[in-house]
Amino acid sequence: EAGVTQFPSHSVIEKGQTVTLRCDPISGHDNLYWYRRVMGKEIKFLLHFVKESKQDESGMPNNRFLAERTGGTYSTLKVQPAELEDSGVYFCASSQDRWEDEQYFGPGTRLTVT
Amino acid sequence: AQKVTQAQTEISVVEKEDVTLDCVYETRDTTYYLFWYKQPPSGELVFLIRRNSFDEQNEISGRYSWNFQKSTSSFNFTITASQVVDSAVYFCALSAPYNTDKLIFGTGTRLQVFP
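Chains A and B are the protein sequences, given in the same order.
According to the numbering used here, the stretch in the first sequence is residues -4 to 109, in order.
According to the numbering used here, the stretch in the second sequence is residues 631 to 745, in order.
The shape of chain A in the complex, shown without the other chains:
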């Protein structure tokens, strides 16, 4: 069974540019989560999808971040325009059952904004 995959693995962009991160969850997992780790700090929750619906987006930092999950399959996280403080590692995770299943994480996308 394939794990959670994320693309790209690393992205370097200039301040003001747009970047789109992609996450493919484990097949059959309805729950998809985005997290971010900035500069050695804790990993912080961004948002949670159940199928194509946003269940909880309380962690989204501001309206420069837009997350979508087309047809309840893969998800994209767009940052527009990117700022220096957006640099970090963006993790995606998926789970089958919200309450009974652990979250399986992808390898992350390292975003560097210069």
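Keep in mind the hints are simulated off the structure, nothing from the lab.
Keep in mind that this is a model prediction, so the values were computed, not measured.
Treat the hints with caution; some may be incorrect.
What the hints assert, rightly or not - Cut-off 30 Å, straight-line C-alpha distance, at most; resulting in silico cross-link-like pairs (DSBU-like, lysine-lysine):
| no. | chain 1 | residue 1 | chain 2 | residue 2 |
| --- | --- | --- | --- | --- |
| 1 | A | K46 | B | K633 |
| 2 | A | K49 | B | K668 |
| 3 | A | K46 | B | K646 |
| 4 | B | K633 | A | K49 |
| 5 | A | K36 | B | K668 |
| 6 | A | K73 | B | K668 |
| 7 | A | K10 | B | K700 |
| 8 | A | K36 | B | K633 |
| 9 | A | K39 | B | K700 |
| 10 | B | K700 | A | K73 |
Stated by the list, open to error - Pairwise CB distance ranges (calculated):
| no. | chain 1 | residue 1 | chain 2 | residue 2 | range |
| --- | --- | --- | --- | --- | --- |
| 11 | B | P670 | A | S48 | 29 to 39 Å |
| 12 | B | F677 | A | N58 | 26 to 36 Å |
| 13 | A | T0 | B | R693 | 25 to 35 Å |
| 14 | B | R680 | A | K49 | 18 to 28 Å |
| 15 | B | D659 | A | V45 | 17 to 27 Å |
| 16 | A | T109 | B | T710 | 42 to 52 Å |
| 17 | B | D659 | A | T68 | 27 to 37 Å |
| 18 | A | H5 | B | V715 | 21 to 31 Å |
| 19 | B | K646 | A | D51 | 41 to 51 Å |
| 20 | A | T0 | B | T639 | 29 to 39 Å |
| 21 | A | S53 | B | E656 | 11 to 21 Å |
By construction, the Cβ of each residue, glycine as well, lies at the ideal position given by its N, Cα and C atoms.
Dock chain B against chain A, hints included.
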């Protein structure tokens, strides 16, 4: 508010030494889960264990063991006879299901095991 504290930023040991990674949590929920994840150099977060708040039994899995103590709000992780392959960043996390299933992570502890 929920919070996870991993006071040890970095630990270095020599192979075959035992090492304990500390984790202290805060929550007002009576039902919660505690987790440990491992992040090897390849970058992905690897699930190690989930513990329910109602189950305080210690758990052992090979060289890994976990000590959950509600009285001190701690969920410590011990690696016995450490190996070079154990070198990684280890994260402790907390979730309070039936409220929100998002994970609250600590800042991680980097473990370096030298040969």
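* Asked: Quick one, are K36 (chain A) and K633 (chain B) close enough, alpha carbons at most 30 Å?
  -> It holds: about 13 Å lies between the C-alpha atoms, which stays within 30 Å.
* Satisfaction of hint between K668 (chain B) and K49 (chain A), Cα-Cα up to 30 Å -> Holds - the C-alpha atoms of K668 (chain B) and K49 (chain A) are around 28 Å apart, at most 30 Å.
* Distance restraint between K36 (chain A) and K668 (chain B), which requires alpha-carbon spacing of 30 Å or less -> holds, 16 Å
* **Beta-carbon spacing of F677 (chain B) to N58 (chain A) - inside the hinted bounds 26 to 36 Å or not** => holds, 32 Å
* Can the restraint linking K700 (chain B) and K73 (chain A) be considered satisfied, given a maximum Cα separation of 30 Å? -> Given pair K700 (chain B), K73 (chain A) is violated - Cα atoms ~40 Å apart, limit 30 Å.
* Asked: Measuring from beta carbon to beta carbon, are T0 (chain A) and T639 (chain B) in 29 to 39 Å?
  -> Cβ of T0 (chain A) to Cβ of T639 (chain B): about 30 Å, so the range 29 to 39 Å holds.
* To do: Below or equal to 30 Å on CA atoms is what counts here, so check K46 (chain A) against K646 (chain B).
  => With Cα atoms ~45 Å apart, K46 (chain A) and K646 (chain B) exceed 30 Å; violated.
* Asked: Going straight from one Cα to the other, do K39 (chain A) and K700 (chain B) come out at no more than 30 Å?
  -> holds, 24 Å
* To do: Given the hint of 42 to 52 Å, check if T109 (chain A) and T710 (chain B) actually sit that far apart at their C-beta atoms.
  => holds, 44 Å
* To do: Indicate whether the distance between the beta carbons of D659 (chain B) and T68 (chain A) respects the range 27 to 37 Å.
  => holds, 32 Å
* **C-beta pair P670 (chain B), S48 (chain A): status relative to the range 29 to 39 Å that was hinted** => holds, 33 Å
* For the pair we were handed, K46 (chain A) and K633 (chain B), check the Cα-Cα distance against 30 Å. => holds, 28 Å
Violation of the numbered hints given earlier is confined to hints 3, 7 and 10; the remaining hints are satisfied by the structure.
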